[in-house]
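J.: If you're matching them up, the sequences are chains A and B in order.
Counting in my numbering, the first sequence runs from 28 upward without gaps.
Counting in my numbering, the second sequence runs from -1 upward without gaps.
Derived by calculation from the structure, the hints in this document are not laboratory data.
From the three backbone atoms N, C-alpha and C, an ideal C-beta is built for every residue, glycine too.
One or more of the hints may lead you astray.
[Said to hold, decoys possible] With the C-beta cut set under 8 angstroms, the calculated list includes, among others, these residues of chain A facing chain B:
#	residue
1	N131
2	R155
3	N182
4	E220
5	G223
6	L242
7	W297
8	N379
9	T380
10	E413
11	R417
12	F421
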Amino acid sequence: MNCRWLRERQKNPNRTGPRESAYLQSDGAVHKMSRAKEAALNGYIGSTPSLGPRVNTASPGLQLASTGSYPRIGDPAELQLLRRSISALDRGDRTTADILDAENEMTRRAIAEQVKAGLDVITDGQIRWYDPISHLAGKLDNVKIRGLLRFFDTNTYFRQPVLTGKPTRRGHLVVNEYSFACNALGHLPTPPEKAGKLSIKPVLTGPYTLAKFSLGEHHENGAPETSASLEARAMAYAEALAPEIEALAQSGADLIQVDEPAAVKFPGDWAIFEQALGPLFAAREKVRKAGRKTELALYVYFHDSTPFYEKLVGLPVDIVGLDFSYDAKLADLIASAGSPKPLGLGLVDARNTRLEDPDVIAWQVERLMPKIEGGRAYLGPSSGLEYLPRDRAFAKLELLSKVRTALTGIKGAAN
Amino acid sequence: MSREKLKSLGLKLPLLPTTSVGSFPKPDYLVKARAEFTKGKITPEELLGLERKATKFWVETQEKLGVDVLVDGEMYRGDMVAYFAERLQGFTEGGLVRSYGNRYYHKPIITGEVEWPGPVTVEWWKYAQGLTKRPVKGMLTGAYTIMDWSFNEHYPGRRATALALAAVIRKEVEALITEGCKIIQIDEPALSVRPEELPIALEAMEATTKGLDAYFITHACYGAFEHIYPGMLELAVDNFDLEMSNNDLSLLGLFRGHPFTKDISFGVVDVHSHAIEESDTVRGRIEQALTVLPKDQVWVDPDCGLKTRTVDEAIQKLRSCVAAAKAFRN
Chain A
28 MNCRWLRERQ
38 KNPNRTGPRE
48 SAYLQSDGAV
58 HKMSRAKEAA
68 LNGYIGSTPS
78 LGPRVNTASP
88 GLQLASTGSY
98 PRIGDPAELQ
108 LLRRSISALD
118 RGDRTTADIL
128 DAENEMTRRA
138 IAEQVKAGLD
148 VITDGQIRWY
158 DPISHLAGKL
168 DNVKIRGLLR
178 FFDTNTYFRQ
188 PVLTGKPTRR
198 GHLVVNEYSF
208 ACNALGHLPT
218 PPEKAGKLSI
228 KPVLTGPYTL
238 AKFSLGEHHE
248 NGAPETSASL
258 EARAMAYAEA
268 LAPEIEALAQ
278 SGADLIQVDE
288 PAAVKFPGDW
298 AIFEQALGPL
308 FAAREKVRKA
318 GRKTELALYV
328 YFHDSTPFYE
338 KLVGLPVDIV
348 GLDFSYDAKL
358 ADLIASAGSP
368 KPLGLGLVDA
378 RNTRLEDPDV
388 IAWQVERLMP
398 KIEGGRAYLG
408 PSSGLEYLPR
418 DRAFAKLELL
428 SKVRTALTGI
438 KGAAN
Chain B
-1 MSREKLKSLG
9 LKLPLLPTTS
19 VGSFPKPDYL
29 VKARAEFTKG
39 KITPEELLGL
49 ERKATKFWVE
59 TQEKLGVDVL
69 VDGEMYRGDM
79 VAYFAERLQG
89 FTEGGLVRSY
99 GNRYYHKPII
109 TGEVEWPGPV
119 TVEWWKYAQG
129 LTKRPVKGML
139 TGAYTIMDWS
149 FNEHYPGRRA
159 TALALAAVIR
169 KEVEALITEG
179 CKIIQIDEPA
189 LSVRPEELPI
199 ALEAMEATTK
209 GLDAYFITHA
219 CYGAFEHIYP
229 GMLELAVDNF
239 DLEMSNNDLS
249 LLGLFRGHPF
259 TKDISFGVVD
269 VHSHAIEESD
279 TVRGRIEQAL
289 TVLPKDQVWV
299 DPDCGLKTRT
309 VDEAIQKLRS
319 CVAAAKAFRN
């Protein structure tokens, strides 16, 4: 664990990285706010337009980013296409090809709404995911999908995987979904100032969280399966996910989000969680050696991350995404200790319909940005948005643009 | 202790009283009528008539089966939180959110001060109780669960929301007691969702029931009880109604470590399985229960509401409960 940077920072809060150092040697707080505005401005209009949905990760600044899921339904009839198609399939009135068409259509709509709201880093909304666990685990060999369990403290449920052997990747998990989303984004009309700057971010549930919510099946003779222990399950999932990281990178993904909400909920398993990230890092290094600039963003949510913040930013991930909705002390800690790497700032509550004041979020961003090494951050919802009704989910995305407007004085695409 | 309370309320129940958790499947004619009502094809009066017909069917069915403490079967309810949110002041209906798979529901939004508009469930309780001499439970959803399963745009935090709702639910409890209801079930399936919030759930239930003269039951299910036991025993109720069969009676291990100090409605049939349990299986579950729990603390019922079963399956599962309980009374 490399927490030296953070420990030194906490001992000597005036010590900063070179970019920030130059900045802080001027005159303090007023410039801190200007710096945030400058960073946000850079993120919005500073990079060179290019063709294709690619992240320009070298461009510092504030980007507006989805954190994963988006509602797959809305109250108007046209937004109930997927639900009605699945119900019709159950009655025998549709085919699986019809479901695929409906998923495609609702994915296009999810992407279009993110673009309309002014986001820079977009996901496919995970419209096709039955849940964050079984969607991936169910595509692996030696995995049976069983009964429903509550997903964290949400009132939504996932199907539990039971491993009958070592879970093994037999083909792409989300690469095809990623490619579809890139294509869908490419066919959307984009505001001129955004041309070439929007990107699709694929999302994977991490190996530890997959393992934590899976069971290992024991043989009838009592001999444990190789996947009976949490550690064995986590490593097996990690080995299955690692080639997916490579495949996503080869398909053009420069930024890949890995969700590990269970890591902060069950910190007693930290060593297993950390070890299971190893194969993912190895995959990243492999694609980097091949010339790609792929970054891994680790996202944690659904629990207070404050007690684990040091350990999280000490991990060799490129970006750490955090849920700020549980404890205000997390923002205070970062404002005090800083971050040695870019952060995902989950400052907009994805679990409640109440809309935050954009000026309050802007104030948080302003005080955090100068403390983030490299001045790069991704402002987004605290978790995926599928826990909200669609109109409120869209309003939360629009809020992100309002925050940027408050920071920069430049109107976002949503306005 | 609770036997004395039942006696003081004038309730004479046998050993291992049988009951059910609340909901029963709606007969086909009622499912169809509810859909037609939504489309405006039938009047509220026509729907009410069919809801009463179905309620009467279930009260009579429970009597015939020999169930000791009855429920009205909730023929007039859909979702257990939305039912109250649609009737209490301070709520707005939210858009659709997903529960799982292809299942969605309208999650309520608290947008103002929650207030009691007058009795919500009392007329239905009076109707059901009027059909039988056996006690019928009053059926409510607890403040903590309503809070947890709603969005909150009005109150400053979760505790404030839960306590505001507790004051409202208490008024409904008082209204039921005024009409003569002696056994009131206040469901808290969200009880174990956030173990760190158990103190809020305890405080809210105390605010709901403290000083009121009734026998209180709470139902909780699909929970991680290992994180809140034995602290959950502080909940201000007399009886915990728990799903036991769905988790292979694993909770008994907790009870061995720390005595279960309240009455328990012990779930002996799995409500998510179409299979009807063999009588030996159900008796075996009660037998195991009695190795850990004193006989006079145990009630017998299904794991959870039976509304997801067919009418026939629900009847057969109730029959299994009653037959097994009777086998242990002598």
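J.: Each hint should be assessed against the structure and marked as holding or not.
T.: The hints, checked one at a time:
Interface hint at N131 (chain A): violated, since its Cβ lies 17 angstroms from the closest Cβ of chain B, which is beyond the 8 angstroms cut-off. Contact between R155 (chain A) and chain B, as hinted, is not supported at the beta carbon level, the nearest pair being about 13 angstroms apart and thus beyond 8 angstroms. Evaluation of the N182 (chain A) hint against chain B yields a held restraint, the C-beta minimum of about 5 angstroms falling below 8 angstroms. For the restraint placing E220 (chain A) at the interface with chain B, the shortest Cβ-Cβ distance is roughly 31 angstroms, beyond the 8 angstroms limit, so the hint is violated.
Hint status for G223 (chain A): violated, given a least beta-carbon distance of 34 angstroms to chain B, over 8 angstroms. With a least beta-carbon distance of about 13 angstroms to chain B, the hint placing L242 (chain A) at the interface is violated under the 8 angstroms criterion. Nearest Cβ of chain B to the Cβ of W297 (chain A): about 19 angstroms, over the 8 angstroms cut. The hint is violated. Interface hint status for N379 (chain A): upheld, as the beta-carbon distance to the closest one in chain B is roughly 5 angstroms, under 8 angstroms.
Interface restraint check: T380 (chain A) against chain B, minimum CB-CB distance 4 angstroms, threshold 8 angstroms, status holds. Checking E413 (chain A) against chain B by beta carbon gives a least distance of about 6 angstroms; that is within 8 angstroms, so the hint holds. For the restraint placing R417 (chain A) at the interface with chain B, the shortest Cβ-Cβ distance is roughly 6 angstroms, inside the 8 angstroms limit, so the hint holds. For the restraint placing F421 (chain A) at the interface with chain B, the shortest Cβ-Cβ distance is roughly 10 angstroms, beyond the 8 angstroms limit, so the hint is violated.
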